[in-house]
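If you read the sequences in order, they're chains L and F.
Here this note's numbering is used: the first residue of the first sequence is 1, the next is one more, and so on.
Here this note's numbering is used: the first residue of the second sequence is 1, the next is one more, and so on.
Calculated directly from the structure, the hints in this document are not laboratory data.
One or more hints might be untrue.
To be verified - Derived DSS-like pairs (lysine-lysine); straight-line CA-CA distance at most 27 Å:
no.	chain 1	residue 1	chain 2	residue 2
1	F	163	F	275
2	L	290	L	275
3	L	209	F	125
4	L	255	L	275
5	F	125	L	3
6	L	152	F	60
7	L	63	F	405
8	L	152	F	118
9	F	98	F	60
10	F	275	F	118
11	F	60	F	95
12	L	152	L	63
13	L	63	F	95
14	F	95	F	125
15	L	267	L	290
16	L	127	L	3
17	F	125	F	163
18	F	118	F	163
19	L	255	L	267
20	F	98	L	3
21	F	427	L	3
22	L	275	L	258
23	F	427	L	63
24	F	125	F	98
25	F	422	F	405
26	L	275	L	209
27	L	63	L	3
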Amino acid sequence: MLKVSAIAKAYGAVRAVDGVSFHVSEGEIYGLLGPNGAGKTTTISMVCGLLRPDTGEIFVNGKPFSASPDEAKRLMGVTPQDLALYEELTGRENLEFWGRIAGLQPAGARTRAGELLEALSLTDRAKDPVKTYSGGMKRRINLGCALVHRPKLVLLDEPTVGIDPQARASILEFIVGLRATGTAILYTTHYLEEAEALCQRIGIIDHGKLLAEGTLSQLQERLGKGHVFTVEADFGASSPAQWEGFAERFLVLQKSEKQLVVAAVGKRDPSDCLKELLALPVRLENVSLKRPSLNDVFLHLTGRQLRE
Amino acid sequence: MLRALIAKDLRRACRNPLPWLLNLALPLIITAVIGIVFGRQGDSESGLGRIRFAVVDDDKSVLADFLRGAANQGKAGQYLEPVFLERAAADQQLKADKLSAILVIPAGFASNYLTGEKVQLELIKNPAEQIHPAVLEELLEVVAGALNAISRNFNSEFPAWRKVIEGNGDYHEAARLIEQTGNRLQAARQYLFPPLVSYTDQPGDAKPSAASEPKSAGSNRGSEKNPAPKFNLFAYMLVGMAGMFLLMLSSQALMDLHRELAMRTFERYHTLHNKLLPFVAGKALFTVVIVSIGATILLGGGQWLFRFRWPRPLELGVLTLAYGCFATGLMAVTVAIMPDERRASALNNVLSMIVSMAGGCMFPPEQLPSAMREHLSPLLPTYWFATTARELWWSEASWQIPAAKLAALAMLCVALAAFLFKRRFEKGTR
Numbered sequence: 001m002l003k004v005s006a007i008a009k010a011y012g013a014v015r016a017v018d019g020v021s022f023h024v025s026e027g028e029i030y031g032l033l034g035p036n037g038a039g040k041t042t043t044i045s046m047v048c049g050l051l052r053p054d055t056g057e058i059f060v061n062g063k064p065f066s067a068s069p070d071e072a073k074r075l076m077g078v079t080p081q082d083l084a085l086y087e088e089l090t091g092r093e094n095l096e097f098w099g100r101i102a103g104l105q106p107a108g109a110r111t112r113a114g115e116l117l118e119a120l121s122l123t124d125r126a127k128d129p130v131k132t133y134s135g136g137m138k139r140r141i142n143l144g145c146a147l148v149h150r151p152k153l154v155l156l157d158e159p160t161v162g163i164d165p166q167a168r169a170s171i172l173e174f175i176v177g178l179r180a181t182g183t184a185i186l187y188t189t190h191y192l193e194e195a196e197a198l199c200q201r202i203g204i205i206d207h208g209k210l211l212a213e214g215t216l217s218q219l220q221e222r223l224g225k226g227h228v229f230t231v232e233a234d235f236g237a238s239s240p241a242q243w244e245g246f247a248e249r250f251l252v253l254q255k256s257e258k259q260l261v262v263a264a265v266g267k268r269d270p271s272d273c274l275k276e277l278l279a280l281p282v283r284l285e286n287v288s289l290k291r292p293s294l295n296d297v298f299l300h301l302t303g304r305q306l307r308e
Numbered sequence: 001m002l003r004a005l006i007a008k009d010l011r012r013a014c015r016n017p018l019p020w021l022l023n024l025a026l027p028l029i030i031t032a033v034i035g036i037v038f039g040r041q042g043d044s045e046s047g048l049g050r051i052r053f054a055v056v057d058d059d060k061s062v063l064a065d066f067l068r069g070a071a072n073q074g075k076a077g078q079y080l081e082p083v084f085l086e087r088a089a090a091d092q093q094l095k096a097d098k099l100s101a102i103l104v105i106p107a108g109f110a111s112n113y114l115t116g117e118k119v120q121l122e123l124i125k126n127p128a129e130q131i132h133p134a135v136l137e138e139l140l141e142v143v144a145g146a147l148n149a150i151s152r153n154f155n156s157e158f159p160a161w162r163k164v165i166e167g168n169g170d171y172h173e174a175a176r177l178i179e180q181t182g183n184r185l186q187a188a189r190q191y192l193f194p195p196l197v198s199y200t201d202q203p204g205d206a207k208p209s210a211a212s213e214p215k216s217a218g219s220n221r222g223s224e225k226n227p228a229p230k231f232n233l234f235a236y237m238l239v240g241m242a243g244m245f246l247l248m249l250s251s252q253a254l255m256d257l258h259r260e261l262a263m264r265t266f267e268r269y270h271t272l273h274n275k276l277l278p279f280v281a282g283k284a285l286f287t288v289v290i291v292s293i294g295a296t297i298l299l300g301g302g303q304w305l306f307r308f309r310w311p312r313p314l315e316l317g318v319l320t321l322a323y324g325c326f327a328t329g330l331m332a333v334t335v336a337i338m339p340d341e342r343r344a345s346a347l348n349n350v351l352s353m354i355v356s357m358a359g360g361c362m363f364p365p366e367q368l369p370s371a372m373r374e375h376l377s378p379l380l381p382t383y384w385f386a387t388t389a390r391e392l393w394w395s396e397a398s399w400q401i402p403a404a405k406l407a408a409l410a411m412l413c414v415a416l417a418a419f420l421f422k423r424r425f426e427k428g429t430r
């Protein structure tokens, strides 16, 4: 449904997006994961036609976006990161208005608004002005406005920013339901848990570049198929480079004075790895192991935590 | 889609009416302030009403009686309403805002004048009023000029006149003076009637100017069957005020485009398959609705408040609508150029005042510097509107061409604004 091919966008000397490529299929949620300022919103803005890429091409439903932008836009629904709602209007009026603008007839827009209010659990507040809504409710209406015209491709730019966990869970549940209808979804977020729970494939983006892409397990495999070990000790002046054979057996993800995060290289038994770590020439305080998370992958790729 | 866009804006305006009510109340307030300054003088055709002033006669002489009498006789009686009071009573009425001014004829005025000494007439103006005291001051200058002229020409006869006025001369002496003065006036007649310089009203030819309008008020500019209305100061001023105010009102309404940019709704619209022009045009149409309401309040309310009738209301309405469209288009362009609401608002206010001033809305175009009057003003749409609307008062002006020009310019401006917004989006400027 969507194919992005080596798009780039620069603002003066700053390369906001630098050669990003990915694709999103029907019925798939593709997550673009990265910290704030990584280039996620700029990428979405180019995909939906708000910005023109300096280089590269975007294909929607097999056709170049630049060749027929209006046709491509008809297939899309965009939920911007910031709330794009008329606060003086009611939730229903907002939905109906965006439906009319998207080309629905008044009766069709009314019916569809009713369906969405039901699906978003907002029927009882449908007649209240949006300004009286809670943050989560506004987010749900913001999402609904992008779906009034039943788009085949939905672009969601951090749709759960700034809301409580319960409201977030409700939105994520709705998005999962949307995917079940065959809609292709491009989902940007900086929440690891969301990307892990929601997306079939994830692209990790930082400083405008797509660093890695794949399913969660594919990304985890980049750290070896095993586990990630966190070693707590007083390392002092001691360094992993000084330990014989350590670099061949472990991949250092992060090191501080008191903590060392490593992944086992190759397919090895966790207990063997544990023994090797316990035998390190330092005074150990604690060793724990876990499955590698996306944060560990990000850590591995960028050398810093996603939330830094 | 345009209907949906306008309905949305009207609904939003209804849900949050205070800013709009304040904007629409502005012309009413301005009109009311003018009404307070000038007074609601609806009965007079002049639009200014009769000027009520006090004459305090401390001289009690025949000459002072002559001045008193002249103030309320003949033509002067139509415009002036002198009351004869003692100084204390006059002061009291002036403070109570019942008088526009007090004219004091000082003691010894006549005898000093007839002996050729310097004399003074004192005019105390009501500081709470602007126009009436100024008119009285002008009239008093005319009287002073006449007295000076008499003094220069009849100086040799003043001693004899003084005797007569003071009751010391006999009837033969008085008769001789009258005959002698009559003969001199007869000799000067050819210079006075007609005067050396004169003008003749040519109905339908010359364009009325602000300066000539009051003079021509008594003349018959229209046909015999349908005489044209006389000059009305309020109608003249209201047109100018409308010229400036409608620009400002449209600026306020179009600032909503910046609000939509800030709310990201403009951006969301741009993610849909529609062109930007309908969005900008929708906002422009909404603005035209607001501007039309404002114009109705200003021109219609002014008509009611000052009790006059626009002679060609339909033509004035169409012309005003076309001007409202132009104001909307112009402000849409500046809103599209400026990056944020604050800066756009500042630019629009300055621009509104400059084009209003240069277009003859705030001052009569005849009062503008000649370079501006001849080369700049005629190019300005504010001039097209103000001049044509004022000319409509005399039922002679052709309004169709200015209205068409204004409407065409409006469409061009709206299209330009849409283009500027498109370019702005492409550049990624929020």
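**OP:** Would you pick out the hints that fail for this structure and give their numbers low to high?
**Re:** The structure conflicts with hints 1, 3, 5, 6, 7, 8, 10, 13, 16, 17, 20 and 26, although it agrees with all the remaining ones.
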